[in-house]
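Asks: Sequence:
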Amino acid sequence: MNRIMNWILGSLRCIDWPLLLILALLSGLGMTVMHSAVGDTDWRFADQGRNFLVAFAVMWVVAMIPISRMMKMAIPFYLSGIVLLLGVEFFGITNKGATRWLDVGITVVQPSEMMKLVVPMMLAWYFDKHRAKLRIIDFLAAGVLLLVPFTLIVKQPDLGTALLVFATGFFVIYFAGLSFKLLAPLFVLGVTALVLILYYEQMLCAPGFDWVVLHEYQKHRVCTLLDPSTDPLGKGFHTIQGMIAIGSGGIYGKGYMQGTQTHLDFIPERTTDFIFAVFAEEFGLYGGILLLILYSLLLLRGFFITLKARTQFGRLLAGALTMMFFVYVFVNMGMVMGILPIVGVPLPFMSYGGTALVTLGFACGLLMSISNYEPSKSPVPEN
814 MNRIMNWILG SLRCIDWPLL LILALLSGLG MTVMHSAVGD TDWRFADQGR
864 NFLVAFAVMW VVAMIPISRM MKMAIPFYLS GIVLLLGVEF FGITNKGATR
914 WLDVGITVVQ PSEMMKLVVP MMLAWYFDKH RAKLRIIDFL AAGVLLLVPF
964 TLIVKQPDLG TALLVFATGF FVIYFAGLSF KLLAPLFVLG VTALVLILYY
1014 EQMLCAPGFD WVVLHEYQKH RVCTLLDPST DPLGKGFHTI QGMIAIGSGG
1064 IYGKGYMQGT QTHLDFIPER TTDFIFAVFA EEFGLYGGIL LLILYSLLLL
1114 RGFFITLKAR TQFGRLLAGA LTMMFFVYVF VNMGMVMGIL PIVGVPLPFM
1164 SYGGTALVTL GFACGLLMSI SNYEPSKSPV PEN
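In this note's numbering, the protein residues as written are 814 to 1196.
Be aware that a few hints might be false.
Think about it this way: if two alpha-carbon atoms lie no more than 30 angstroms apart in a straight line, the pair counts; the simulated DSS-like pairs of lysine-lysine are [stated by the list, open to error]:
| # | residue 1 | residue 2 |
| --- | --- | --- |
| 1 | K1121 | K885 |
| 2 | K994 | K1121 |
| 3 | K1032 | K968 |
| 4 | K946 | K994 |
| 5 | K885 | K942 |
| 6 | K942 | K1121 |
| 7 | K885 | K946 |
| 8 | K946 | K1067 |
| 9 | K994 | K942 |
Hints listed in this document are in silico derivations from the structure and should not be mistaken for laboratory results.
All figures in this text were calculated on a predicted structure; none of them were measured in a lab.
Could you build all of it, start to finish, from the sequences and the hints given here?
Replies: As structure tokens, this is what we get:
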């Protein structure tokens, strides 16, 4: 009995309680909005409750694993992820024109999801091992480790997940000491490309014009972002209806379960990618501010854990995971509000989905493990 009590108390000590409180508030808010969004399909509401339970269980288990042990698993995880991505390339399951899933016998997996966590773990391990003296060659090698999974995921095609994987990996490289001077040319190149796209919009978006680097549906997403009215009942429908829902919510919102855009089925994908449109219509500007405050607290807690991390591996990984949450929120809200193209990125702890929630739970578990890690101290020999 004493052993069981000691194990329970030990497992509770692994929990970062401020982080858990923030997650509980976000989860409660997410379940509340989901209840309104599902309408008559109550099975999704029950499924989402189950998904949250699984995600929190995964978080608890991961939090109890010392981050030093997770660090040793970085290489096996990375190599396994690459093998699975290659398996998707040659033996993957195709659905709606995309080959992103792999049947491993007992279940069907989406390897690209795990790479959101595995890539920053691998890069954090790499920089931790080379922390004594970082050279340009080390940053180039890290770039190769990042580009291999990124390229394989882009080929599926899954640009949204590929960008998230690239972002988390890039943040590790930047936090490891990549000079901002090396990034300045890339920033200038990006701004120049954006200006040229805006200037030559009509020519670039003309039917039959091939962008080469993007698939046709990805080209349509960018062109629809620039002018949703060109295809209001097709490619621009998602963006237009999302903006209408947000605007109709006003300052105070229409009230819980009173959103007309939601319950008249105008908002597409209202339980997943466009859950924020449902929330904004029913809770208005003040509700949106409250949600942003909760996400800001999540980011602040993540950065606090990053600063107090006792190892280089922990600092780099915690910083990258925290920025991953930021990218999730920024991209999802941006695409719903019409300032970013639609790339299929869920809103953390709000959107429906089991895989995404488990991934987020795993990430939070890693943050808790980093927060509670105490390096072992070698005993000082007596004279």
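Asks: Hints first: check each against the structure and report whether it holds.
Replies: Verification of the hints:
1. Only pairs whose Cα atoms come within 30 angstroms are accepted, and K1121 paired with K885 is accepted, the gap being roughly 21 angstroms.
2. For the given pair, K994 sits about 28 angstroms from K1121 by alpha-carbon distance, which is consistent with the 30 angstroms threshold.
3. For the hint linking K1032 to K968, the alpha-carbon distance of about 15 angstroms falls within 30 angstroms, and the restraint holds.
4. Between the alpha carbons of K946 and K994 the distance comes to roughly 19 angstroms, so the proposed pair stays at or under 30 angstroms and holds.
5. Taking the CA atoms of K885 and K942, the gap is about 11 angstroms. The hint holds against a cut of 30 angstroms.
6. Restraint check for K942 and K1121: the C-alpha separation of about 20 angstroms stays at or below 30 angstroms, so the hint holds.
7. Between K885 and K946, the direct Cα distance comes to roughly 21 angstroms. Compliance with the 30 angstroms bound is thereby established for this hinted pair.
8. Only pairs whose Cα atoms come within 30 angstroms are accepted, and K946 paired with K1067 is rejected, the gap being roughly 58 angstroms.
9. Pair hint K994 plus K942 holds up; C-alpha atoms about 24 angstroms apart against a cutoff of 30 angstroms.
Consistency with the previously given hints fails for number 8 only.
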